[in-house]
Structure formats: structure tokens, C-alpha cells
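Chains A and B supply the protein sequences, listed in that same order.
The opening position of the first sequence corresponds to residue 697 in this note's numbering, with each subsequent residue numbered one higher.
The opening position of the second sequence corresponds to residue 25 in this note's numbering, with each subsequent residue numbered one higher.
Just so you know, these hints were derived from the structure itself, not from any lab.
One or more of the hints may lead you astray.
Listed next, the stretches of chain B that the computed footprint assigns to chain A, with coverage defined by at least 3 CB atoms under 8 Å from CB atoms of chain A [stated by the list, open to error]: (1) 102-110; (2) 136-149; (3) 225-237; (4) 243-249.
Simulated restraints on C-beta separations [unchecked claim]: (5) 795(A) / 34(B): 37 to 45 Å; (6) 913(A) / 91(B): 39 to 47 Å; (7) 866(A) / 235(B): 39 to 47 Å; (8) 789(A) / 235(B): 31 to 39 Å.
Chain B residues, not near chain A, derived (Cβ > 12 Å throughout) [what the hints assert, rightly or not]: (9) 28; (10) 37; (11) 47; (12) 53; (13) 64; (14) 114; (15) 117; (16) 118; (17) 181; (18) 185; (19) 192; (20) 196; (21) 205; (22) 206; (23) 208; (24) 260.
Even glycine gets a Cβ: it sits at the ideal position worked out from N, Cα and C.
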Amino acid sequence: MLRYLIRRLLLTIPVLIGVATLVFALIHFIPGDPAQAMLGEGATPEDVAQLRARLGLDRPLVVQYGAFLNGVVHGDLGVSLRNDQPVARQIIERMPATATLAFAAMAVALLIALPLGIVAAVWRGTWIDHGAMTLSLAGISVPNFWLGPLMAIVFSVKLGWLPVGGSGTPAHLVLPAITLGASLAAILARMTRASLLEELSEPYVLAARAKGVSRTRAVLHHALRNSLIPVVTIIGLQFGVVLTGAVITETIFAWPGIGRLLIQSISFRDYPTVQGCVLLIAITYVGVNLLTDLTYGFLDPRIRVGR
Amino acid sequence: MVRAGAIIVFLTVFAAAAGPWLSPYDPSSQQLSQRLERPSMDHFFGLDELGRDIFSRVLAGARISMLVGLTVVGISSIVGIALGAVAGYFGGWLDEGISRSIDILLAFPGILLAIALVAVLGPSLRNVVMALSVIGWVGYARLVRGQVLRAREFEFVQAARALGASTTRILVRHVVPTTLPAVMVQATLGMAGSILAEASLSFLGLGVQPPTPSWGTMLNGGRLHLLDAPHLTIFPGAAIATLVLGFNFLGDGLRDVLDPKRQRV
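Starting from the given sequences, assemble the full structure and let the hints guide the process.
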């Protein structure tokens, strides 16, 4: 396991360097002069030159790259052009809100997906199965930027049960969490069904049934437990869906997280903050994927040997 | 499900192609005195914040969605098949280089990299297509690489090699065709993904810019009128969800047809 762990960690390092390199390169993809683009057409040449010097854009590219990587390693992501605050501090301040939303969405997803996947697998081929899977495919297809406003229309505008946006109370979390969790729930329901169906056809389940174990007990106590291993892995791998979805959901519901900071920074052309947000989201995603891989390797020794 | 998907997709293609003749009004013509008017027999989906007919704009939006989907899937699949086939067939440093690039691009979740690229390149239809293609080829390349790794060991491929067929001929005539069923499924689901991604970017104000009617842009405009005119949100969103569902039905059905193992499960 230790060898697998070290190998997996070493494989992550070039990916992280690649991610940082791509994020560094972003600012150089801006057509024309990046400093001019950030300040707008009306900026004076002096202002542009000053910003170029401040961002280090007047230095050779290699030096800029070295300074960027050094900053990333030391947690220095530069200073926001909008409010002169360190980018890292802004992101850290917003992190708890995004984490809360992400975990709430995952909880919602599990609450919907597990029962749906189980009933679909147990009543395979019946209208219940078809209904549950059609519902899950609909869940994947409905964009969260439509589902969110629709729920706001019903639960906030028409019924007045929940706040339409903002944060502060648990009630504020309900609509964003359901909006963000819906597509994940749809994916997990399909996974749970497929995984449970495979387990249900295993000899140990048939043996349990032959020994007189009830159908419910055979499903819930025997098959479900084993079928959840790949589902748990998928939850980890689908964390990216949650992170990207958070960008849109936070924008819809004015949720004060990193996603909203990213979109606000784009509209203000605050590129250091844009770079910081993108980098942090990507690193978090890589980290979660690594953890998922390690967990899977821990749970299933064949993975460790296979690689 | 395949049939339902095919019908939805066919109707959308028809609406996109025949839109200019089907539209009861010019999608850009404004009737400010009737702005935000609710759905009626004159205007099936009502009017938007500038008094434009939403039904006509939804039809015009279908053209944008199909255009983006087809272009992104076309570019991504061609680049992905070429790079995946080269990586899988030749192996070595070529495979290493391509596989590491795939790893790096996959480290960005969903459309995050597309958001970042469009943020720096500027919002426009062309940049959306470019950004989505940059992230889109990765899925095809990874899929094709895996399939080619398997296919290069097939007896008919080894026979072609033994008969002296050139590498290009082996790849193009024998190896790549074995990957096409899987690519077809990926492309169908990719249409759904690209349409959703374009709508997401346009919703965030980073995609197609007004006054061009895109479903995502229309939803973005509807956000300000959730209280007084929910029809601005309901119809363009329903159009996106229906078309994406259609492609997902089709892709799912194709996968079941092309992979007998999945049928058994």
C-alpha cells in the first residue's frame, strides 16, 4: 500500500505543475496587452505601464513563470485588482461557504439517489425501474441554471417558503443545495442501480435467499453494502460536477462562495483573482480525485497490484 | 427511449433548419409597448423584456445550439480520434506526451477551463466554440487510445501488418474503424454536453452575446424578471432540457445497442 501511495503521489506532481502552468498561461492568452485589457480602453499609457510593472508583466516570461510558481507554493496568489486584497485571503474567506454548499448538495444527492437506485434495481424491468431511470436521465438533462430559478419561482415567489437568495440561515441553503445536488443525484442513482444489479446476481446473494433470508434483508444487508463501494468512488470522482455546478448555483442564489467570486472577478477583469479561483478549484479537484483513488486502492487490493 | 430521443433531436433539427419559415415574428423585432406580455394565442411563449416574441427566439436559439453542438463535437472528435489513435498505436514518448496533456486538462473539472478561457479571450460564439473544443477532445482521445491499445493486438491488424500495409493504412482502414461505435455514443452524449455548456456560458454572460438569441442568454435575461414574468425563464429552459434529454436518450440507447454487456445488466 505504501508503494502505491508514494507512486500515486508522485504521479500527481506533474499534473499539479501542468495545472499551474496552464493557469499561469491564461493571462497571456488575453488578446493584445493584458494590462490594457484589464484597465480598459480609456486607461492612460502611464496607468497601463504601472499595472504591467505591478503584475510583473514587464519581466521576461521565464522570470514571471518562476515567480508565479514560487508564489503558488508559498500561498501567494497575488493581489486583487478590484480591492487590493490578497487573492489568497479572499478565497480563504469564501471557502467555508462553497464547502458548506458542496457538502449539503452531496447529502441531498445521496438522499435522493440511494432510494431511487435501490427501487430501480429491485424492480428491474418494471415501470418503477423505467420511471426511476427516466427521472434520473431528466435530472442529468435539466440544467441547474434552469432548475434553480424554477424552484425560486415556486418556493420563494409563489409559496414564500424559502428565501430567493443570499446566505446566513439554514433556509438559505435549501434551494442552492437541491439545485446543485439534483444532477449528481441523477448520476448516482444510475450508478447505484447498475452496481446493485451486479451484486444481486452474485452467488452469495442467491445463497442468502436460499437460506431463507428475506428479499429486503438480502438487498439491504448483503448486496447494498458491497454495491456502495463503486458508488462511494463515483461520489469522489463526481466532485468536479459539484465544483463547477457551484460556480453557476452560487451566481443564481447570490451565495457568497468561490464560484461567485470567480464570476464577479471575470466581470471586473480582475484576472489575478480569476487565476487564483481557477487554480484553487482545480487543485481541490485533483486532491479529491487523489483521495478517491487512494481510498479505492485501500478498499480493493487489485487496484494496487494492477497499477 | 432511443425513439423518443430521435424524435426530439429530429424535431429540433427541423426547427433549427426551418426556423426562419416557422417563426411567426422576426426574433429581433421589438414591441416595447407589449414588453413582458404573458403567453397568448398571438405569442405562444409570450414576449421578453424588450417585447420580442419568445417563441421565435426559441426557434432561432435552436440554430445556435445545434451549430455549437455540431461544431464542438466535430472539432473535438476529429482531434481526439487522431491524437488518441496516435497515442494508443505508437506508444512511447508520443503516448506519454498526449496522455499527460489529457491528465492536465482532466484536472480542470467540467467547464471550468472553458469559463477561464472565455474570460480571457472575451465572450463570443467563436470563443465559446474554441474553449469547448479545447476541453472537448480529451474525452475522445482517452476513449480512442484505450480502444486502439486493444485493437492493435487483433489478428486482422497483425495480418495487415504482416502483409506489409503502411502504418497510415493500418490505422485509418483497420484500427480507427473499430473505435467508431464507441465514438458515436460519445459524440451523441457530447452533443448534449456541448449544448449544455454553451447555455451555461451564455447564462453566465460569457457566451453568445445579445441580441443574438441563445437559450442561455435568454435565461440570463429572465433572471431579472423571475417575479413579474417567469415565462422568460420557463420556455428557453424547457427547450434546453428537452434537447439535452433527447441527446441523452439517444446516446444511452445507442450505448445499449452497441454494447451487449450493458443490455444484460
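Results for each hint:
| no. | hint | verdict |
| --- | --- | --- |
| 1 | 102-110 | violated (count 0) |
| 2 | 136-149 | holds (count 9) |
| 3 | 225-237 | holds (count 4) |
| 4 | 243-249 | holds (count 3) |
| 5 | 795(A) / 34(B): 37 to 45 Å | holds, 44 Å |
| 6 | 913(A) / 91(B): 39 to 47 Å | violated, 54 Å |
| 7 | 866(A) / 235(B): 39 to 47 Å | holds, 41 Å |
| 8 | 789(A) / 235(B): 31 to 39 Å | holds, 38 Å |
| 9 | 28 | violated, 9 Å |
| 10 | 37 | holds, 17 Å |
| 11 | 47 | holds, 23 Å |
| 12 | 53 | holds, 26 Å |
| 13 | 64 | holds, 20 Å |
| 14 | 114 | holds, 21 Å |
| 15 | 117 | holds, 14 Å |
| 16 | 118 | holds, 17 Å |
| 17 | 181 | holds, 25 Å |
| 18 | 185 | holds, 28 Å |
| 19 | 192 | holds, 30 Å |
| 20 | 196 | holds, 31 Å |
| 21 | 205 | holds, 20 Å |
| 22 | 206 | holds, 18 Å |
| 23 | 208 | holds, 19 Å |
| 24 | 260 | violated, 8 Å |
Of the hints listed earlier, those the structure fails to meet are numbers 1, 6, 9, 24, in rising order.
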